[in-house]
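Here the protein sequences come in this chain order: A and B.
With UniProt numbering applied, the first sequence has no gaps in its numbers, which climb one by one up to 202 at the end.
With UniProt numbering applied, the second sequence has no gaps in its numbers, which climb one by one up to 202 at the end.
If you are wondering where the hints come from, they were derived from the structure by calculation, not from laboratory data.
Since we're looking at a predicted model, the values are computed, not measured.
The reader is advised that the hints may include incorrect statements.
Pairs count within a copy or across copies, as identical chains cannot be separated in the list.
[Claimed, not checked] The calculated lysine-lysine pairs, modelled on DSS-like cross-linking and capped at a C-alpha distance of 30 Å, are:
1) K4 to K57
2) K38 to K4
3) K57 to K40
4) K39 to K57
Number of protein chains: 2
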Amino acid sequence: MSTKRITGPEIEKLIQLLAKVPGLGPRSARRAALHMIKKKNQLMAPLAAALSEAAEKVTVCSVCGNADTVDPCSICTDPRRDGATLIVVEDVADLWALERAGAMNAKYHVLGGTLSPLDGVGPDDLNIRSLVDRVGAEGTSELILAVNATVEGQTTAHYITDQLGDTGVRVTRLAHGVPVGGELDYLDEGTLSAALRSRTSF
Amino acid sequence: MSTKRITGPEIEKLIQLLAKVPGLGPRSARRAALHMIKKKNQLMAPLAAALSEAAEKVTVCSVCGNADTVDPCSICTDPRRDGATLIVVEDVADLWALERAGAMNAKYHVLGGTLSPLDGVGPDDLNIRSLVDRVGAEGTSELILAVNATVEGQTTAHYITDQLGDTGVRVTRLAHGVPVGGELDYLDEGTLSAALRSRTSF
Ligand SMILES: [Zn+2]
Ligand SMILES: [Zn+2]
Numbered sequence: 001m002s003t004k005r006i007t008g009p010e011i012e013k014l015i016q017l018l019a020k021v022p023g024l025g026p027r028s029a030r031r032a033a034l035h036m037i038k039k040k041n042q043l044m045a046p047l048a049a050a051l052s053e054a055a056e057k058v059t060v061c062s063v064c065g066n067a068d069t070v071d072p073c074s075i076c077t078d079p080r081r082d083g084a085t086l087i088v089v090e091d092v093a094d095l096w097a098l099e100r101a102g103a104m105n106a107k108y109h110v111l112g113g114t115l116s117p118l119d120g121v122g123p124d125d126l127n128i129r130s131l132v133d134r135v136g137a138e139g140t141s142e143l144i145l146a147v148n149a150t151v152e153g154q155t156t157a158h159y160i161t162d163q164l165g166d167t168g169v170r171v172t173r174l175a176h177g178v179p180v181g182g183e184l185d186y187l188d189e190g191t192l193s194a195a196l197r198s199r200t201s202f
Numbered sequence: 001m002s003t004k005r006i007t008g009p010e011i012e013k014l015i016q017l018l019a020k021v022p023g024l025g026p027r028s029a030r031r032a033a034l035h036m037i038k039k040k041n042q043l044m045a046p047l048a049a050a051l052s053e054a055a056e057k058v059t060v061c062s063v064c065g066n067a068d069t070v071d072p073c074s075i076c077t078d079p080r081r082d083g084a085t086l087i088v089v090e091d092v093a094d095l096w097a098l099e100r101a102g103a104m105n106a107k108y109h110v111l112g113g114t115l116s117p118l119d120g121v122g123p124d125d126l127n128i129r130s131l132v133d134r135v136g137a138e139g140t141s142e143l144i145l146a147v148n149a150t151v152e153g154q155t156t157a158h159y160i161t162d163q164l165g166d167t168g169v170r171v172t173r174l175a176h177g178v179p180v181g182g183e184l185d186y187l188d189e190g191t192l193s194a195a196l197r198s199r200t201s202f
């Protein structure tokens with residue numbers, strides 16, 4: 001409506017950027033900005049510092065694809081983890097969701113997406129080659145395909161199984177119980193735990 | 001559940017701070033953090049800079065209480081505004097909401113809350129003294145009490161009216177009624193009664 005200025009350009013810019021954060025729209029961005037203005041020392045300044053430090057230090061694990069501030073990541077270098085089991089996920093968000101479920105003590109491999117010919121995403125655009133290499137090099141005994149229950153996810157699972165055909169690794173997938181078309185990241189811990197426990201041969 | 005480390009402490013800290021932003025909970029904070037990690041240069045670093053700059057420059061207008069990066073604020077120094085009309089609001093968020101509505105070209109006065117004896121909020125905790133002073137000094141002709149339609153809001157409105165008793169300023173308040181686009185079925189009886197009493201010719 002009005003193009004009159006009601007606050008400083010620095011605050012307007014902050015609101016514009018906050019509106020791009022998933023979960024916040026233009027209205028909640030204004031609300032968030034005002035809240036942070038009130039909590040300048042407790043929230044606004046610390047969040048600025050945390051974002052700046054994270055932006056500087058965040059890196060992608062060259063082994064598994066997790067987001068961390070060290071490479072290899074905290075999971076890949078954790079000696080208490082069972083390295084014989086690899087859980088294959090599409091996205092880092094899925095890795096974190098499975099970790100929150102706390103059902104497995106395995107390691108992970110982040111594909112970085114799913115095969116999608118229509119979107120021009122082929123095998124070379126995903127971390128599939130490095131997965132096959134890992135299975136060979138690390139002596140993986142079980143590979144759990146924890147991909148989304150979507151057409152693309154299942155297509156990707158089949159493709160990976162084909163690539164692993166002669167390695168002798170046991171390939172399993174999450175139990176049904178994941179809603180068809182559902183995304184892992186939106187599921188509760190109980191469902192994810194049950195799906196992991198009831199995993200079946202692929 | 002698990003206390004195992006899955007990512008760097010800098011990223012965990014970022015997620016904890018993001019979870020304190022209104023509109024984001026713990027789960028959406030993780031989602032937001034992962035999104036920003038992917039958009040490090042387009043979103044994470046610019047947001048860090050915007051927060052830092054806003055935290056450094058933001059100030060409260062010493063005249064009206066608006067949040068801005070200059071004092072007096074952009075509204076108080078705008079020569080096109082009708083200074084004879086003052087809109088009294090509880091909070092800066094209300095000021096911004098009214099500005100978005102774009103219905104008035106007035107100036108504002110932010111109380112900073114409402115009278116609430118139970119919470120220990122008395123007249124001296126709000127910007128009421130400065131409001132009365134402004135009305136005297138600026139020759140205000142109309143004071144619009146745009147406080148919330150709550151018990152505390154109305155108590156505060158009455159208190160302010162008492163304080164202004166002999167200044168001759170016209171004191172008005174927002175009309176009660178059905179919100180535009182609102183469904184009668186969802187409104188409380190008080191709103192419906194008020195809307196009926198204040199009915200207008202069709
Ligand atoms: Zn890793
Ligand atoms: Zn002002």
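Hints versus structure:
In this assembly of identical chains, the alpha carbons of K4 and K57 lie at most 30 Å apart only when taken from different copies (20 Å versus 40 Å within one copy). Proximity of K38 and K4 under a CA criterion of 30 Å is satisfied intra-copy only: 23 Å inside one chain copy versus 35 Å between copies. In this assembly of identical chains, K57 and K40 lie within 30 Å of each other by CA distance both inside one copy and across copies; the values are 24 Å within and 11 Å between. Taking the shortest Cα distances, K39 and K57 sit within 30 Å of each other both inside one copy (26 Å) and across copies (14 Å).
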